[in-house]
Each structure stands twice: as structure tokens, then as C-alpha cells.
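Top to bottom, those sequences are chains Y and C. Going by the numbering used here, the residue at position 223 of the first sequence is 223; the numbering climbs one at a time, nothing skipped. Basically the numbering used here = 1-based index in the second sequence + 1000.
It is worth saying that the hints were derived from the structure and are not from the lab. Keep in mind it's a predicted model, so treat the numbers as computed, not measured. Be careful, since some hints might not be right.
In the DMTMM-like style, the derived pairs of lysine to aspartate or glutamate whose C-alpha atoms are separated by at most 25 Å in a straight line are [what the hints assert, rightly or not]:
no. : chain 1 : residue 1 : chain 2 : residue 2
1   : Y       : K62       : C       : E1363
2   : Y       : K222      : C       : E1052
3   : Y       : K75       : Y       : D59
4   : C       : K1036     : C       : E1270
5   : Y       : K75       : C       : D1012
6   : Y       : K222      : C       : E1055
7   : Y       : K72       : C       : D1378
8   : C       : K1031     : C       : E1363
9   : Y       : K222      : C       : E1104
The chain contents come next:
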Amino acid sequence: MDPIVQIGVFLVAPYLAVALLVIGALYRLVQWLRPRRITGLRSVAIVPYTFGYGRVLWDLIKRVFGFYTLPKMEKDRVLIYGGMIFHYGIWVVLISHFGLVVPLPLTASQHDFVGLYIGGTAGVLAFVGMLILIVRRLSLERMRQLSNFEDYFTPGLLLLIMFFGLMQTLVIRPDYLNTVSPWLTSIIEFHPNLAPIASVGIFTILHVLVACLFIAYIPWGKMVHWVGYLFNPSVTGPSFPVTTEKVRPLPGLEAHQGGSP
Amino acid sequence: MTEVASKLVWGDSSQVPPFWLKPEMLAKLDKVVPRKKGTGNLAHDVVCGLKEQVEANRNVRLTIDACVHCGACLNACPTYLTTGDIHNSPVGRADLVRRALRAETRAGKWFKNLVGAERLTDEGARRMATYYHQCLECRRCGEICPFGLDQADVTRAVRSVFYDNGIISRYVGTVIESSERTGNNLGLPPPAIKTTIEFCRDEIQEEKGFVPRYKVDEHAYAMLVPPSADFFLNLETLKGYMTFFYLAGLDYTFTTEHAELGNFGLFNDERHLAKIGDHIVSVARKLDVRLVVAGECGHGWRAFKQYVIPRLRENGFEAVHVFHLVIDAIKGGKVTLDPSLNGATRYVYQDPCNYARAADLTEEPRFILAHVTRDHQDSPHSRERTWCCGGGAGMLTDELMPLRLAYGRLWYDDARSVGGQHIVRPCAICKAQLNAVLPKFNKETKDKVAYSGLMDLVYKALVPPPKPAAPASTPAVAATPA
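Just chain Y, same shape as in the assembly (with noise of 0.2 Å):
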């Protein structure tokens, strides 16, 4: 491999991908959190009755594992069903690849089993996934009509990291075990080695870049959406607890009561 590509895709890429991802969520951050107001009202919570922060955490969870939101509404089943099979897909995928730098009591065959097996199948729902949801995109016309640049490059740049991934998973399926994950754990631990990768295959190299690309560009579009709505006061409260605060009989109630007009 050209030292220079080697130094540019497996040194410098994964250390400014990450810098930038720090600033960008740091800068994120503070817009958010900066804004003290909530629109004058004391409470812009959507969702009834989520007083405490028990319904706030289980209204959460059930957004993020349940996507409970998008079938209320019974139309757009591309949508729930496309969306769905995309993020089940993904999250086993970026589990999956702390496989890479998180030592498992796994031996080299049952290594390659769960990466061919498990993640090979993440990794394919993942991508039909997020190919049905660029189809939708572009087949229905109000879809066309709000969509803009953005709205195809984020779903490009997964669709691109994800073949390249897949190629490697499924088709190649180079010595992982021995090239990226020391490689891998040498950036993480701070102690670059790049000897490792010196002999890894193309698709190595895109899928590599391509990701670095993506990590990068996290904080600065919409790919935010999934840390957003944690600091969302229409999810997260604070609700006024109007009906968990019983009203006392007060004194003197009595001697009001039985007025005359």
C-alpha cells in the first residue's frame, strides 16, 4: 500500500474524524442547551401524563427500541417497516464491531462465525433497509418535494460504508482478527500501528475512509437526530404536575359553602 494512503486513511483520517466529531458535539451542545426558554409555557410536553421521570425514561426507550410513535398513526407502513429493519440492522452492526477492539473469550473460528453469521445479517438488513427508505425517498412525490441535497448524501454515505462492509464480511472476508483489530486498538490506546493494515485490501481502505467521513460529519448535519431528542423538552419535560398535587380542603371551606346568589 502507498505510504501516503496508508498514513492519510488509517492515521490521520480516524484521529480528525474523531476531532471533528468532539467539536462538532461540544458546539451542538451548547446551541442546545444555551436556550433557557421553552416557548413561555411551563411545559411543551407532547406525550400526556408523563409526570415523572420513570414515563419520561420508558416514553424514551420505547422511541428508541420501539419506534412505538410511527405505527399510531397506521399509514406510512414503508416507512415504520424500512426504518425498523435499518436501525435493528445498524445497532448490531456498531455492536459488532467492538468485537474488533474488546477482547471476547471467543476463539479465531467462533470470531469469524458471529462476524459472517451474525453481523453478515445485521449488516443486510441494515442495507435493504436503508435502500428501502432511499427508494421511498425517491419514488413518493412529497417525499421528493421536501427532500434536499442532505436528505440523499447522509443515506448515500451509509449505503456506501455498508457495501463496502458487506464486501468484506461476506465476500473477501479478510484476516480481520490480525490486520484491523491491532490496528484498530493501537489508534484507540493512543500508540498508532500501522503494520498491521499494510497489506489490506481496497475495500478496507474505502470502507475505512468512507466511515471517518461519516464519524466526521455526525455532528454537523442531520445525523444528530439521535442524540437531539434527548435534550428535547417536548420528550423529556419538564411536565407540570398539575394532577399529581391533590387540592386541600383549605379552611374556612365550610363556612363559604351554601352561599346565596
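Starting from the structure of chain Y, add chain C where the hints point.
Structure of chain C alone, referenced to chain Y:
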């Protein structure tokens, strides 16, 4: 719905703007709450105002930032579903704002349309104003959005910006002015309110056989604040309050000084929302009451619960919705109800959007309805999925009738799909909208669907005691919300 089709062009609702408030009326509002003065360049001032709103309000900032353009809200939004205009939708409206704001950023200046940036022009600003005044603020978009992004609250913020620039619906502006000048939206003078109450007292005597006690502008334990429409259009609702309070044995007073639960400041401008809301607190203090009771009104209850009740509590008062008291009275056996008095009609309950999606009042009315009717059921789209009546957020005006008819089709079809003969909507705006559009819908379908509030049905179902109620020796109503 041929009438609708003849006036609305599918895919372009911009041809149906509201009438805008005239400068002389704006000047009257300015005397109460002075507007921010801009440079006179509409587009520039609007963009500056939008920036301020985004930087000041966290929910507005998040709603603008975190939308992924998934289009889920399009399937939920009554304004988009019935007009087919992408800009008359939550995501479409917000995009008008987003494009204008992005045009001010470096990325927007460099990449323009590539990053969805578009410099706002005066014409674009007026177009934005029209679309933002076609939003019902019903929050159905926020309910379906996976991230809970509530475009209705962005509507409120954007309308506030336009108000600063002298653009406000004539209807909304007139109502706000009337509310701040007279204490009620309709501008009813105190003698008219008293006469209406006396009229209802006589009707109750005739229909129920007793004279309900009440006070007007006097010290009492509780102060009832119904929407002013209940003194004008919804007299059965008013009779419901009066009969219930009397039979429950609660000492209460009406106030002519603030005979209004509705708060049109909610639709348009926070400063007026606060001004109108604070007036309730000052009247409660003046009459030295302990408890303030809200009547039937969806948006009024939202403003009351989320703004006025905290202010009341800061000042040592308590407050509830009248439904909380009714439930307490039913559970405590303080009142006797006979559901058969409301006949064998099939009642369909349709949640007012502000009860269900903004102010936690979905189960209480159902509890009451179950005790006052025999045949009752939910609309297919109920609770947080409920359809707005089509008159919310200041749409209740004649020039917007084509849109009101289009929007209203959704709940009408919903009610008929379950054989509903009588729609129950405990909200003054809903009732005013149904009063206007239901005859038109019924004429077209040759059906006879009726409507009412909930206290109307409570009134009919309340059974008078054998003899006049004696003063209770213990607190009659502990006012414990359900």
C-alpha cells in the same frame, strides 16, 4: 365535499390567507404589549426574529436542528392531508424557516441550495406568514414524530416574529385586543354576562325544578372561569356548570372581570399569553378565592394548566379543571346521574387536541361520559391521535372557511364511520367550529350528526335531589383530581 373542492386548489393552499390585522388595531395591541421595532425591511427583520426565537427557546432550536425529513408528520398532519400542499405541512413549514436561517450561515452562503439554503425575500416572508397561519397548532406532528419534534410550538414562535413585524391574523388580533380590554374574547359587557346567567338560572328552574345558587363578582371559595362562548353560544354547557356546582354544594362565583378561559395569546404571542393569564391571577386575588376552576376549552386549558396554574400557585391559589371536580363528586356520591336522561343516542367522544396532546386530560372526560350516557364510544382516532376540529389556532374565521371545511372532513368521517349520532367535544373552539361546519357536512351527506360539550350532557343527566340541598357539614368536594 364539493364546496371545498370548488375553493381550494389541491396542492396549493397559499391562495387562502387570513385577513391581516389593520395598523390601527395593531396600535391598540401595542399599548398593552409594545412590539419589538425592526428596521422596516420585512425579510431582514423576520430572519433576525427567527434567529432570536431559535436562540432563546430550546424546543424551537431542537425542532429546527434534529428533523431528518423522514416525512412521518405528513401522514399525521390534517392540514397537509386535506390540502396536499407540502408547505402547508409541519416539515414543509419548518423548511421555510430552516432555509431562511441556513442562508445566513457560511455554509448557506457558499453552497446555497445544496445545503437547503434560500435567502428570504419580502414576498417569501409573506408566503411564510400565510402558511404559518394555516397551521392548527394541534401537535399531531409532534405526536407521530419519532423524535417528538413539535412543529406547532415552532408555529407559535414564528407567528410571534411576524406579529413583531405587524403581521397577525385579524381575527386573532381582534380577539386578543378584546380579551385584554374587556376580560373576554367576545367583548361581552358585565350586564350581558349577568343577564345570560340569570337566563340560564331560570331555564334550570324550569327544566330541573330548583333555583341554583351562584355568585357573581363576589368573594367565594371557588371562582369559575369558563370560556366566554359559554355565555353566548354554549348555554347548555353553562347550565351544566351551574347545576353541577349547586348540587355538589360548592360555593363559587362567576367573574365578569375575566369571563374567559380562552387565551389567544397562546396561538400567537407569549407576551399576550402572559398578560391575559396574569389577569386571571389578579382577579382571583381581588375576589380572595381559594380555588380557580377552568371550564371546557381545549387551548384555554393548555394555557391555564401550563401558564396560569403555576402563577396561581406562586400566589397561594389552587386550580383544577371542572372535570376534576365532577369526577370527585361522582366518586364521592355527591351528585346523582341518570345516563338514560341523555337518551339512546350513540355519543362519540373526540378529544380536543389541546386536552390530549398538550395538557393531560384524556381519561377524565371519558370517566364522566361513561356516567352520563348509555351508548358512548371513542372516535377511531382518539386520545393523542385525535383530529383537530379544524378551527384551532385562530382558524375560526370566515375567510378561512374553505380550509376549515377541508380540515373538518377528517373528524366528521371518523364519527360517521362508527355510526356516531352525536359528537362530544368539550372545547369552545371545537363547538364553534362544529356549529359552523356540521350543518354543511350534514347537508351533503344527508346525515343528522349533532354535537355538544360534556357539561351539556352532565346537565341533562344530573338528577335533582327530592328537596333543596341543605348546606353540607363537611367539605362537599375535596377537589382531588382523578
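Outcome of the hint check:
1. Y:K62 / C:E1363: Distance of about 22 Å is within 25 Å: holds.
2. Y:K222 / C:E1052: holds (22 Å)
3. Y:K75 / Y:D59: holds (22 Å)
4. C:K1036 / C:E1270: holds (13 Å)
5. Y:K75 / C:D1012: Holds, because 23 Å separates the two Cα atoms, which is no more than 25 Å.
6. Y:K222 / C:E1055: This hinted pair holds, its Cα atoms lying about 18 Å apart.
7. Y:K72 / C:D1378: holds (15 Å)
8. C:K1031 / C:E1363: With Cα atoms ~42 Å apart, C:K1031 and C:E1363 exceed 25 Å; violated.
9. Y:K222 / C:E1104: holds (18 Å)
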